[in-house]
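**Student:** Modelling step: build the complete structure from the supplied sequences, incorporating the hints.
Keeping their order, the protein sequence lines are chains X, S and D. Sequential numbering of the first sequence, starting at 1, is according to the numbering used here. Sequential numbering of the second sequence, starting at 1, is according to the numbering used here. Sequential numbering of the third sequence, starting at 1, is according to the numbering used here.
Just so you know, the hints here were simulated from the structure itself, not pulled from any lab data. Wrong hints could be hidden among the right ones.
[Claimed, not checked] With a cut-off of at most 20 Å between alpha-carbon atoms, the simulated SDA-like pairs for lysine to any residue come out as follows:
hint : chain 1 : residue 1 : chain 2 : residue 2
1    : S       : Lys-96    : S       : Met-71
2    : X       : Lys-54    : D       : Thr-35
3    : X       : Lys-337   : D       : Tyr-7
4    : S       : Lys-25    : S       : Gly-55
5    : D       : Lys-151   : D       : Leu-72
6    : X       : Lys-337   : D       : Ala-9
7    : D       : Lys-23    : D       : Leu-11
8    : D       : Lys-144   : D       : Leu-72
9    : X       : Lys-70    : D       : Gln-37
10   : D       : Lys-23    : X       : Ile-55
11   : D       : Lys-43    : X       : Arg-67
12   : D       : Lys-46    : S       : Leu-295
13   : D       : Lys-33    : X       : Pro-65
14   : S       : Lys-119   : S       : Leu-211
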Amino acid sequence: MLFDFNVISQWLHGALTSVMPEWAAILTESILVALAIITLYAVFAIILIYMERKICAFFQCRLGPMRVGKWGLLQLFADVFKMLTKEIISMRQSDRFLHNLAPFLVVIASMLTFACLPWNKGAHILDFNVGVFFMLAASSIGVVGILLAGWSSNNKYSLIGAMRSGAQIISYELSIGLTMLTMMALTGTLQISEIVEQQYAEGWNIVRGHVPAVIAFLIYLIAGNAECNRGPFDLPESESELTAGYHTEYSGMHFGFYYLSEYLNLFITAGIATTIFLGGWAPLHIIGLDGFNGVMDYIPGIVWFVGKTLFVVFLLMWIRWTFPRLRIDQILALEWKYLVPISLVNLVVMAIVAAYGFHF
Amino acid sequence: MNLDIRTVAPENLREEMLRLRREQKMNFLETLTGMDWGEEGGLGVVYTLESTETGERAALKTATTDRENPMLPSVSDIWKIANIYEREVYDFYGIKFTGHPDMRRIFLREDWVGYPFRKDDEPEKENPLRMTNEPLADVTESYVLNPDGTVVKETHPIFEEGEYVVNIGPQHPSTHGVLHFRVSLDGEVIRKIDPVLGYIHRGVEKLNESLTYPQTLALTDRLDYLGAMQNRHALCLCIEQAMGIEVSDRVKVIRTIMDELQRIDSHILFFSCLCQDLGATTAFLYGFRDREKILDIFEETCGGRLILNYNTIGGVMADLHPNFVKRVKEFIPYMRKNLQEYFDIFINNVIARNRMDGVGILSLDDVISFGCTGGTGRASGWHNDVRKRMPYAAYDRVEFNEITRKEGDSFARLMIRMDEIKESLNIIEQLIDNIPDGPFQEKTKPIIKVPEGTYYTAVEGSRGEFGVFLESHGDKTPYRLHYRATGLPLVAVMDTACRGNLIADLITIGGTVDYVVPDIDR
Amino acid sequence: MKEDKTYLAGLFGGIKTLCVGLKTTMRELFTPKMTEQYPENRKELKMFDRFRGSLTMPHNENNEHKCVGCGLCQMACPNGTITVKSEFYETEDGKKKKRLVSYEYNLGSCMFCQLCVRACPHGAITFDQSFENAVFDRSKLVRKLNHEGSKLMETK
Numbered sequence: 001m002l003f004d005f006n007v008i009s010q011w012l013h014g015a016l017t018s019v020m021p022e023w024a025a026i027l028t029e030s031i032l033v034a035l036a037i038i039t040l041y042a043v044f045a046i047i048l049i050y051m052e053r054k055i056c057a058f059f060q061c062r063l064g065p066m067r068v069g070k071w072g073l074l075q076l077f078a079d080v081f082k083m084l085t086k087e088i089i090s091m092r093q094s095d096r097f098l099h100n101l102a103p104f105l106v107v108i109a110s111m112l113t114f115a116c117l118p119w120n121k122g123a124h125i126l127d128f129n130v131g132v133f134f135m136l137a138a139s140s141i142g143v144v145g146i147l148l149a150g151w152s153s154n155n156k157y158s159l160i161g162a163m164r165s166g167a168q169i170i171s172y173e174l175s176i177g178l179t180m181l182t183m184m185a186l187t188g189t190l191q192i193s194e195i196v197e198q199q200y201a202e203g204w205n206i207v208r209g210h211v212p213a214v215i216a217f218l219i220y221l222i223a224g225n226a227e228c229n230r231g232p233f234d235l236p237e238s239e240s241e242l243t244a245g246y247h248t249e250y251s252g253m254h255f256g257f258y259y260l261s262e263y264l265n266l267f268i269t270a271g272i273a274t275t276i277f278l279g280g281w282a283p284l285h286i287i288g289l290d291g292f293n294g295v296m297d298y299i300p301g302i303v304w305f306v307g308k309t310l311f312v313v314f315l316l317m318w319i320r321w322t323f324p325r326l327r328i329d330q331i332l333a334l335e336w337k338y339l340v341p342i343s344l345v346n347l348v349v350m351a352i353v354a355a356y357g358f359h360f
Numbered sequence: 001m002n003l004d005i006r007t008v009a010p011e012n013l014r015e016e017m018l019r020l021r022r023e024q025k026m027n028f029l030e031t032l033t034g035m036d037w038g039e040e041g042g043l044g045v046v047y048t049l050e051s052t053e054t055g056e057r058a059a060l061k062t063a064t065t066d067r068e069n070p071m072l073p074s075v076s077d078i079w080k081i082a083n084i085y086e087r088e089v090y091d092f093y094g095i096k097f098t099g100h101p102d103m104r105r106i107f108l109r110e111d112w113v114g115y116p117f118r119k120d121d122e123p124e125k126e127n128p129l130r131m132t133n134e135p136l137a138d139v140t141e142s143y144v145l146n147p148d149g150t151v152v153k154e155t156h157p158i159f160e161e162g163e164y165v166v167n168i169g170p171q172h173p174s175t176h177g178v179l180h181f182r183v184s185l186d187g188e189v190i191r192k193i194d195p196v197l198g199y200i201h202r203g204v205e206k207l208n209e210s211l212t213y214p215q216t217l218a219l220t221d222r223l224d225y226l227g228a229m230q231n232r233h234a235l236c237l238c239i240e241q242a243m244g245i246e247v248s249d250r251v252k253v254i255r256t257i258m259d260e261l262q263r264i265d266s267h268i269l270f271f272s273c274l275c276q277d278l279g280a281t282t283a284f285l286y287g288f289r290d291r292e293k294i295l296d297i298f299e300e301t302c303g304g305r306l307i308l309n310y311n312t313i314g315g316v317m318a319d320l321h322p323n324f325v326k327r328v329k330e331f332i333p334y335m336r337k338n339l340q341e342y343f344d345i346f347i348n349n350v351i352a353r354n355r356m357d358g359v360g361i362l363s364l365d366d367v368i369s370f371g372c373t374g375g376t377g378r379a380s381g382w383h384n385d386v387r388k389r390m391p392y393a394a395y396d397r398v399e400f401n402e403i404t405r406k407e408g409d410s411f412a413r414l415m416i417r418m419d420e421i422k423e424s425l426n427i428i429e430q431l432i433d434n435i436p437d438g439p440f441q442e443k444t445k446p447i448i449k450v451p452e453g454t455y456y457t458a459v460e461g462s463r464g465e466f467g468v469f470l471e472s473h474g475d476k477t478p479y480r481l482h483y484r485a486t487g488l489p490l491v492a493v494m495d496t497a498c499r500g501n502l503i504a505d506l507i508t509i510g511g512t513v514d515y516v517v518p519d520i521d522r
Numbered sequence: 001m002k003e004d005k006t007y008l009a010g011l012f013g014g015i016k017t018l019c020v021g022l023k024t025t026m027r028e029l030f031t032p033k034m035t036e037q038y039p040e041n042r043k044e045l046k047m048f049d050r051f052r053g054s055l056t057m058p059h060n061e062n063n064e065h066k067c068v069g070c071g072l073c074q075m076a077c078p079n080g081t082i083t084v085k086s087e088f089y090e091t092e093d094g095k096k097k098k099r100l101v102s103y104e105y106n107l108g109s110c111m112f113c114q115l116c117v118r119a120c121p122h123g124a125i126t127f128d129q130s131f132e133n134a135v136f137d138r139s140k141l142v143r144k145l146n147h148e149g150s151k152l153m154e155t156k
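**Tutor:** The following block contains the structure:
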């Protein structure tokens, strides 16, 4: 049977309440959870950056980092170290307060969203009845940070980059919202844990919802990629046009925050795709093969979740390292002329599928 | 070839030029070279013209003996490229062109004292190494000639008050070198571009005046580094023709093969950098992977990868390496196969097509008036291939097509290069199996002196007509050695090509017109 | 955007080209990699014979070179990279002859144009294949090419 994380959390709660009052126990738990999130956040950022550098290199007939450690495994630690020791330069004529605030907004937004991911059965940090809604809302705070960064830098490249980013993220939010809506029509709930439980019981949404779900999945991948400002939608920071776009003027760990959140947003986008479409922590089940399903259940949910997420991340990286960058008008045309109409039609189709029970 | 130069008095110049333009259809201003003929000859300009319709050529010169305040009439309204060429002459010789809209220095610093190409100027005396930033002019000057013969100086601002001007460069990933565009933007739309040149101006032409002929060769590789072979070929040809040296057939064929390899090398790099500029980093590395093969071939025979140092006066530096033929024969099918990959990953890609189709259209009139030779001109339907117009080396004995297109947009410019890679491979294939025997170096005198005269020789460089204008007074050093840079017209045309497009298009257009900065700045 | 295509044809045509691109990169993911791992591959790394690394004056096992100190290379050099110092001495039979004292070569200003090698009538200098020429101090780039105590090779 699949491992339930509630066992651990209840045991911990019990142990803590036995030595301290209820409020202190909850406080301690909160701190532990916060530390866990921050650690996970950093660990995944490092894993993803290493993964990106290697995958990118292999797509490009290169080897990628090889020097520091075996296969360059320690390269990222060296990079993080370098970034931590670098000076944070403050620009003359920049809006100092907003300039320093902006990177934190971006990190906060991605951490909040990060906290919504279902890691395992019973291991959700934020889980309530409007979970998906909250997740979408939290992820949109990031764009404020980007706009602020562009504005407060007092740099023309940054400003253009930030404006592009604003136009792009707000447009693509629409597609994300619509695809989520499509899937909510199928699941009938906004609570993330329930969405996954349901998929564990009845099969992954991408299979249950068949055609409209697959379309929604593809649109979500495109829009999610655009939300992360990653290629081919990386024009807010397109290095061949705007040198580095909105974070041109940042240095040291302030730049590091943008860098971290870019990769974490990638992970989060992939994680949400996993949760909504690919069954979250639910293992692969094939109807009729009970023995196989039993074996699959022995693999812990967290392995399933992270594995699937990294698979989606790989898909996104594959896309990034294949395609050229779009132009700002083309990005908006793609959204408004292609993705939004298709998502709307798809939503109607899904509504029919759900209402008449055409799904599996 | 030896130029047959007609002298025109400054006051008749405009009339004569307009007549040539209208009646003889001389629509291509090939070169415009400043000259200092000393106290008696005065400061002047040599123009070489060509008619793209009839192929007729003409060379004129005009001069003024006023060294204090030399003035000559401008032809910048007759040929658009004259605008930037005349600025160059003003920068080097201090000749003011009346009627020119924008008389600013172009390569040297704005605070430079004196005019270094004048034979009596001592640039080092007045110009110490300045440790301050170069101030960039916000206003430009023009000199208007009134009907009564007086000249009025006018000033105009380069950018209006309140324009949103963004600096693209000099440190920018997609200007392919230290090139600086001041771009006035309206949102994302480009309103005007003002190129600021000269960040790596090394005064190659000035240096040449104190170097012996063999020594001048060493600098040609450092102009357009992706056309090193062809640049050096042009200078060698010019000196050989002037001195009447006939090179062996073997040398001619070797030079042809090398030129074509260099062209493929340059076009691959063009493709790679365009991909990089448009964000397709993976395609960039595929191009570099294939270019490596050519560089290896070069290195084995010439000893260099970028600075090839191969042609010499009367031959080549060393005979072909024994492995050369084998390697080239391996390379031809390899390249043909990998060219398909370029199409798969980038050229046929819908995103790339949308970025390039219909972007930065240059009309046929514009490319001729701006003198944009090479692939950029041919993409707009201008048959300007020097290999066909004035065949040299072994080009008269091979069959190849001059690739032209009509669209004149960025995609056409890309496709011209891709098709030229195929043509170059065909040329090499025709020659590689029958390289004639013969000496690889003709005997020359130990000290090379070019007979007195003015010569002009052009070859088809990687990105257009690379010309060498040589005036010799019979010494062992040239009196004036001017290169017709292939890149300068391409930068001059950027303003026309980019207006009304987006910033992202500036990058696309800059990538596809394919300039190389050391060639522009010289 | 191509106007002559319909909405759907454009959409599916576009998706097809994207898939071709994805197929290409996926194929390249498994091809052998081009990276040369310098300096780990120092042993296998062999430069081409004609590569111009830095100027050298070959000496034979008796510490003899071929340079007569004529200075033609110095005259041929466009950059003033070479300084040849020579002296006159009297041979046993009373003739005055020139002999090389020091041959200084400044790698820092050399542009590898090979004019010196071509100018040399005795083949005394040549370019070698060394390319690891980085030093911390510019003065170290000035090299003396003739070895200590070397002398002219006797011509037969």
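**Student:** Determine for every hint whether it applies to the structure shown.
**Tutor:** Going through the hints against the structure:
1. S:Lys-96 <-> S:Met-71: Status holds; Cα separation ~5 Å.
2. X:Lys-54 <-> D:Thr-35: holds (13 Å)
3. X:Lys-337 <-> D:Tyr-7: Status holds; Cα separation ~9 Å.
4. S:Lys-25 <-> S:Gly-55: holds (10 Å)
5. D:Lys-151 <-> D:Leu-72: holds (19 Å)
6. X:Lys-337 <-> D:Ala-9: holds (14 Å)
7. D:Lys-23 <-> D:Leu-11: holds (18 Å)
8. D:Lys-144 <-> D:Leu-72: holds (17 Å)
9. X:Lys-70 <-> D:Gln-37: holds (14 Å)
10. D:Lys-23 <-> X:Ile-55: Distance of about 15 Å is within 20 Å: holds.
11. D:Lys-43 <-> X:Arg-67: Holds, because 18 Å separates the two Cα atoms, which is no more than 20 Å.
12. D:Lys-46 <-> S:Leu-295: With Cα atoms ~15 Å apart, Lys-46 (chain D) and Leu-295 (chain S) stay inside 20 Å; holds.
13. D:Lys-33 <-> X:Pro-65: Answer holds: Lys-33 (chain D) to Pro-65 (chain X) is near 13 Å, not above 20 Å.
14. S:Lys-119 <-> S:Leu-211: holds (15 Å)
Checked against the numbered hints above, the structure violates none of them.
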